[in-house]
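*Asks:* Single-letter residue listing:
Protein chains: 8
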Amino acid sequence: MSASEVIFDHGRAERIGLDEAVFCEGKSAAQIATILDEVSARGTSLLLTRLDADKFHQLPPEHGAALDFCALSRTAYFGPLRPVRVEGRIVIVAAGTSDAAVAREAARTLRHAGIDASMVVDVGVAGIWRLMARIDEIRRFPIVIAVAGMDAAIASVLGGLVQGTVICVPTSVGYGAAESGRTALNAMLSSCAPGLLTCNIDSGYGAACAAIRILNSFA
Amino acid sequence: MSASEVIFDHGRAERIGLDEAVFCEGKSAAQIATILDEVSARGTSLLLTRLDADKFHQLPPEHGAALDFCALSRTAYFGPLRPVRVEGRIVIVAAGTSDAAVAREAARTLRHAGIDASMVVDVGVAGIWRLMARIDEIRRFPIVIAVAGMDAAIASVLGGLVQGTVICVPTSVGYGAAESGRTALNAMLSSCAPGLLTCNIDSGYGAACAAIRILNSFA
Amino acid sequence: MSASEVIFDHGRAERIGLDEAVFCEGKSAAQIATILDEVSARGTSLLLTRLDADKFHQLPPEHGAALDFCALSRTAYFGPLRPVRVEGRIVIVAAGTSDAAVAREAARTLRHAGIDASMVVDVGVAGIWRLMARIDEIRRFPIVIAVAGMDAAIASVLGGLVQGTVICVPTSVGYGAAESGRTALNAMLSSCAPGLLTCNIDSGYGAACAAIRILNSFA
Amino acid sequence: MSASEVIFDHGRAERIGLDEAVFCEGKSAAQIATILDEVSARGTSLLLTRLDADKFHQLPPEHGAALDFCALSRTAYFGPLRPVRVEGRIVIVAAGTSDAAVAREAARTLRHAGIDASMVVDVGVAGIWRLMARIDEIRRFPIVIAVAGMDAAIASVLGGLVQGTVICVPTSVGYGAAESGRTALNAMLSSCAPGLLTCNIDSGYGAACAAIRILNSFA
Amino acid sequence: MSASEVIFDHGRAERIGLDEAVFCEGKSAAQIATILDEVSARGTSLLLTRLDADKFHQLPPEHGAALDFCALSRTAYFGPLRPVRVEGRIVIVAAGTSDAAVAREAARTLRHAGIDASMVVDVGVAGIWRLMARIDEIRRFPIVIAVAGMDAAIASVLGGLVQGTVICVPTSVGYGAAESGRTALNAMLSSCAPGLLTCNIDSGYGAACAAIRILNSFA
Amino acid sequence: MSASEVIFDHGRAERIGLDEAVFCEGKSAAQIATILDEVSARGTSLLLTRLDADKFHQLPPEHGAALDFCALSRTAYFGPLRPVRVEGRIVIVAAGTSDAAVAREAARTLRHAGIDASMVVDVGVAGIWRLMARIDEIRRFPIVIAVAGMDAAIASVLGGLVQGTVICVPTSVGYGAAESGRTALNAMLSSCAPGLLTCNIDSGYGAACAAIRILNSFA
Amino acid sequence: MSASEVIFDHGRAERIGLDEAVFCEGKSAAQIATILDEVSARGTSLLLTRLDADKFHQLPPEHGAALDFCALSRTAYFGPLRPVRVEGRIVIVAAGTSDAAVAREAARTLRHAGIDASMVVDVGVAGIWRLMARIDEIRRFPIVIAVAGMDAAIASVLGGLVQGTVICVPTSVGYGAAESGRTALNAMLSSCAPGLLTCNIDSGYGAACAAIRILNSFA
Amino acid sequence: MSASEVIFDHGRAERIGLDEAVFCEGKSAAQIATILDEVSARGTSLLLTRLDADKFHQLPPEHGAALDFCALSRTAYFGPLRPVRVEGRIVIVAAGTSDAAVAREAARTLRHAGIDASMVVDVGVAGIWRLMARIDEIRRFPIVIAVAGMDAAIASVLGGLVQGTVICVPTSVGYGAAESGRTALNAMLSSCAPGLLTCNIDSGYGAACAAIRILNSFA
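As you go down the protein sequences, you meet chains A, B, C, D, E, F, G and H in turn.
If you count the first sequence from 1, you need to add 322 to reach this note's numbering.
If you count the second sequence from 1, you need to add 322 to reach this note's numbering.
If you count the third sequence from 1, you need to add 322 to reach this note's numbering.
If you count the fourth sequence from 1, you need to add 322 to reach this note's numbering.
If you count the fifth sequence from 1, you need to add 322 to reach this note's numbering.
If you count the sixth sequence from 1, you need to add 322 to reach this note's numbering.
If you count the seventh sequence from 1, you need to add 322 to reach this note's numbering.
If you count the eighth sequence from 1, you need to add 322 to reach this note's numbering.
It is worth saying that the hints were derived from the structure and are not from the lab.
Do not rely on the hints blindly, as some may be mistaken.
Cut-off 25 Å, straight-line C-alpha distance, at most; resulting in silico cross-link-like pairs (DSS-like, lysine-lysine) [to be verified]: (1) Lys377(E) with Lys349(G); (2) Lys377(F) with Lys377(C); (3) Lys377(E) with Lys377(B); (4) Lys349(G) with Lys377(D); (5) Lys377(B) with Lys349(D); (6) Lys349(D) with Lys377(D); (7) Lys377(A) with Lys349(A); (8) Lys377(H) with Lys349(F); (9) Lys377(D) with Lys377(B); (10) Lys377(G) with Lys377(D); (11) Lys377(A) with Lys377(H); (12) Lys349(A) with Lys377(C); (13) Lys377(C) with Lys377(A); (14) Lys349(G) with Lys377(G); (15) Lys377(H) with Lys377(F); (16) Lys377(F) with Lys349(F).
Chain A extracted, bound-state conformation (with noise of 0.2 Å):
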């Protein structure tokens, strides 16, 4: 199939106030390269996300130039940058240094709407004072985004210290009894605070469009 058989939803900014976005993920290079093309034509931005650093080299080099990438997030803008629209609403908590490639792309996903986005990283609970030394900060933002892997403990943590919305995205950090990410989704999912809201394991890209979905309607 060619990729000129995509049929973009170009309407879903305007229905669901969230951009198209492109997972490259199980895409070739050329195909991508015809994505590019194809919104390049139309003079419209886009984001990428899942482009490792292999597959963004493979990419013709003008597309190459033209990309805005981040080999760590694997996420890459292509065309202008809408400027900063919101501020100060939302936090990103990774809880450990390996967190933070998901925690990137959720960032990444915000500032490319137009959302900047505060990061507190390396405060898993193991050490807890790491965390408390900044809650108060964090405490400040109407929403935080939770990133962690393994035991995602510093989800509950957070759960019952702030009052704000609590995003938790689990992540595929860790071996053996944390099955790929699995055991932290369960204890997201099963956490002994209230309210905690659960995203799909690494998506950090789910995360940030559930928080512009929250912004969209009441900020």
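Using the hints, position chains B, C, D, E, F, G and H against chain A.
*Replies:* Positioned in the frame of chain A, the structure of chains B, C, D, E, F, G and H alone reads:
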């Protein structure tokens, strides 16, 4: 352990904006009665969840009479109900008749917090005209709580049609491959619609608490 | 074991109405070449499935040249293709771009059997207007093959809108809670729409064979 | 929620060719009685599934008397049964005695739709001569519904012997590694015979609906 | 098999330092009575675990009267209790009220071995101030037994705050994604705090035995 | 750890009648070379299993030349092969071509022990006439090793047709619902034919050892 | 379905050397009574398995009196028992007291076939001296049936100590991580001792049938 | 995210008695180099775990030379090693040769903390005489770390023979039903020997940290 050993988290409402509630599953009628005595002595009110009809009828008559009990949702209010303070912000959409118990748990948890939610039931996507007939009404709410078991397909359809926040509650309705709600949960987490948020299986209570967090921050 | 030990089930077409096909996963290029030699000697034709591009390029040049190979669906035709004998009976509906490979496997298996299928792609329910725009066209076919990964919600929507037979093919598209297609499979099996039928994950070939069985009996 | 809140999908028969049915598991006798009152007022008929004997006996006497109840399959007919309109098109093959309940659910769902199905029971492959003795009879039907638990091996054997459509229904018969029907389901989905189609575990009702879809389109 | 066929491992106390105990689940009241007769004849004492109240009441009156029974933990002492020989070495920390049964099983197993354990209950991390208020007390014990269900987040928080040995006991408290204790177990095993040790789900008995092994070697 | 730390269980042949073998997966070529040096110094022979072609080619040339290597089954003989001492007692039946690697591992393990096994391949039940054409031959052997993946239906058919011992080996052949051999394993364990015995997935070696145990005791 | 529809496989004894038996789980007392009437009319005898005490007591008095019933193993003999024809070939080793029910099912199935098996109970490896005290006795039998739940470690220990055939029966004894026998099953299948053979969970009947197959062929 | 964003938990040694370590899986060679620069600047030492040989060779030469690297255990020491301060308290028992990598990770983590552990390898229970020959030596240690994959039977045997603390480490050694270490983990958790303690799969590091906690408290 006597129930008097229970340490109530009385400051919770101030800290995270959610009232303390009692999850009755796994507690005996005697334990629940002791808790009600304490709450009564303090002169506060309380929400009880997962209180099945059998256990309700085993409570001492004075407690039974003091409870506003709903058998379908297995919830009860103890003490005076606060007046409605928020209206028109939340709609609960339930796919099938069998999902109504969970939807009702969400509605009654919200009502206990002073929030009146609208309810749209029996609009599963197998007869999508039923959902389409009410979609304009649903779209007017900034928060949609989607309750569904089995394939949970309604969550994705809603996610593509509404701008607001979509809080998904998978239910354990179904058999065989429905896997006690696990299939609905996974389908909601891996929805093709971006930005959905998910709670634990059958957790109408959790969805309501999440909605209260959002309203507390923004509304 | 040499490929010559393979016992072809040459009478299969007479017995169950389905041509023998070769599943290439787990077979070496050398084994496949030997099979093609045998088929060539018999003067018959053959469908090859799960033949990835690397293995295709390892085949001896004379075999490579004799194959009508499709990289997207990893299928190949060996020998002359029979003319189209059935049209207008089957439509293949694929939820997303990433499901196209499996949809194409189904289409090419059908074409090998002389059946021309229509194809409707990129109509996932997250943008349900795309499906609704083509539903009247889809309803005209007595057999609908629905191909979808992740939440597979399109299967239930179709099941509630069409009278004909709905053959569901879950795909392994997605990540995390999509569980390599297991979530799509379970969602299709526990659909709220009655009378859906399901094949193995990613089995476009199996769906096509099932459709051929129906046409063989009735059409 | 009162049963009167149930929104019947009365147009379903016209839209997808299948009558509305009531799945009684999880509904109280009182709720079912209310539904029957409504159906009675409309003057239509109804199929009830998963109605166990205890619940049947809790129904008001007038409803109990009006039902044509089958304890083995836990199904009941309410209202006059339509005459048989199709014969000789469907055979239901059940591997073991314990699979008979599910087979009977399929047969009675078909009969409610005016279709008379033949039944072949106790032909599990552990004594394959029993199946072989009846295979010529089975092969004459264009649709075979194969009902089996445990290893579900009969589905593959049938799939290699009959030309027609094979609709598989895994059952929860068995213990330990049978995993409540999951093993039978997976074995049917990954059968070595091509083109089998599978329903949810224990879903005789689903298999019957699928067969009706095929007959509606072709016969 | 008559209970008299049971071969007691009377030398166990000498060999591994742990008294023989009887796990009553799956044994009839008659079998337990026979065991008590034997123990009585030998003049020794015995710990019984998983003895639910119903079965306790079915025991012959003379045995029932001789038992020191605790309904919450389903444990009983038969024969004279040895004096306390160790104090101040073990603290049992239980996250929620519902975890108290398992915590009590651990405490009573320890007490049967002559060890007095302290107990800290209802300090789940959703209200982390409750844990922090008692952390200095907890840190004074060389062995901490952490009992928690659902997300089991308290184990990681403790692991980062105490120097001593942390023995984790996951409980089956919770529903849905808690997966009967499997989520708590996996979260404890994949904790972000290093050096935690884990027992089987609900095994307060096992945690106590492990603590006794440590004390036997070092204290 | 150097390979010289390996403690060979040289007395195993005397104790349980099975020669020591080396499982090469997870061992480096260097470790295997050291083992062969030791065995060579002792003047004994050895069976190597799970030795893939890449690792075989990395062995020092003198060891490579000394091995009788079979790429399909990933087995090798080191040292002189003992003469055949048993014939006509064991037949290996493999359902499909892809199962041949595992069947061959069983055959070569038996041959290393001096047992010549017959082989019947490509007799899957999807074309049951292929099995029936050879069933009289198969029935003459007191031990049948049945090798099959996917649905493993052949095990049940054989179990109902032969009097002898049936040792089942599930294989990881298949995809999706075949679950890497778990479905075949479960189907064999829950077969409708009584008295089947099962080995680990892909363990042709294990099946051969089991057969040797039987022959050692009885033949 | 009336029980008279059951097709007995009367030729089974001739074909595969195993008597027909009736698995009573899922059959009503009435259905079992009808089967016994038929068997009585034919003048043959029958083994009944999984007949629990409640159902046994619901049978008509004449049938109850005619049965040799064992409550522990839930088995019953109907009709005269054939004399013992084989002795000294099979020993059943059960790890714990709780495994005795499954061990007894195996023993009584063997006895029904005229085979007298020895029994060694309560020799779990946690007190390995108990097993070692009897290992010389156990080694004298050519067939060992090892029955164990939980960790099933006894199977591996036996496998390394005896030359004969080891037939493993995992039991559902245990809780939590024992996973209803799945852990014991997997441990037996992946034993470090070579050549073990495994039956379904709790299937003492299956192990006995497998042993009969071996004896039929060789002894 | 640059590695400089990593927040080291430098106070950890004081707080919980365990040195900070770096888990290298998922970190790039560049990130690890930056961490080493920081540690070097502070003048402290560091343990690195899960550092595979490829990544080690990608480090800048000056870092590579400064590391004491062990390829088998994938661990490295950076900076001067502290002198041995504890001897004769811990023995590591590994069931098979393939478990040696995990055993070595435990030993080297202990050595980094100044603890010298003894090692007993290749004493799997399939040849139980190997374990028995060394059991008196093993029993002299107050802490036994038992490392085993597959069936993990050695843990139960040790648990019944030694008085001391038994810390179990399941390994991912094995295939098929070994389920990547999950079977060993579950077998250790549901051991028939009382009072065993378990770590995550392949976590030699975790077992060592647990042992250090015990020694810190008592020795």
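*Asks:* All hints are to be evaluated individually against the structure, with a verdict given for each.
*Replies:* Hint check:
The suggested pairing of Lys377(E) with Lys349(G) is violated, with an alpha-carbon distance near 29 Å, which exceeds 25 Å. Of the pairs offered as hints, the one joining Lys377(F) and Lys377(C) holds, with about 22 Å between alpha carbons and a cut-off of 25 Å not exceeded. For the proposed pair Lys377(E) and Lys377(B), the alpha carbon gap of about 22 Å is at most 25 Å, so the pair holds. Under the criterion of a C-alpha separation no larger than 25 Å, the hint pairing Lys349(G) with Lys377(D) is consistent with the structure, at around 20 Å.
Between the alpha carbons of Lys377(B) and Lys349(D) the distance comes to roughly 20 Å, so the proposed pair stays at or under 25 Å and holds. The hinted pair formed by Lys349(D) and Lys377(D) meets the criterion: a straight-line CA distance of about 9 Å does not exceed 25 Å. Simply put, Lys377(A) and Lys349(A) have alpha-carbon atoms about 9 Å apart, close enough for the 25 Å limit, and the pair holds. For the suggested pair Lys377(H) and Lys349(F), the alpha carbons sit about 20 Å apart, so the restraint of at most 25 Å is met.
Restraint check for Lys377(D) and Lys377(B): satisfied, since their Cα atoms lie roughly 22 Å apart, inside the 25 Å limit. Among the hinted pairs, Lys377(G) with Lys377(D) is consistent with the structure: their alpha-carbon atoms are about 22 Å apart, no more than 25 Å. Proximity of Lys377(A) to Lys377(H) is assessed by CA-CA distance (about 22 Å); at most 25 Å being required, the pair is judged to hold. The hinted pair formed by Lys349(A) and Lys377(C) meets the criterion: a straight-line CA distance of about 20 Å does not exceed 25 Å.
For the given pair, Lys377(C) sits about 22 Å from Lys377(A) by alpha-carbon distance, which is consistent with the 25 Å threshold. Taking the CA atoms of Lys349(G) and Lys377(G), the gap is about 9 Å. The hint holds against a cut of 25 Å. A threshold of 25 Å between alpha carbons decides the hint, and for Lys377(H) with Lys377(F) the separation of about 22 Å falls inside it, so the pair holds. Proximity of Lys377(F) to Lys349(F) is assessed by CA-CA distance (about 9 Å); at most 25 Å being required, the pair is judged to hold.
Violated hints amount to a single one, hint 1; each of the other numbered hints is respected by the structure.
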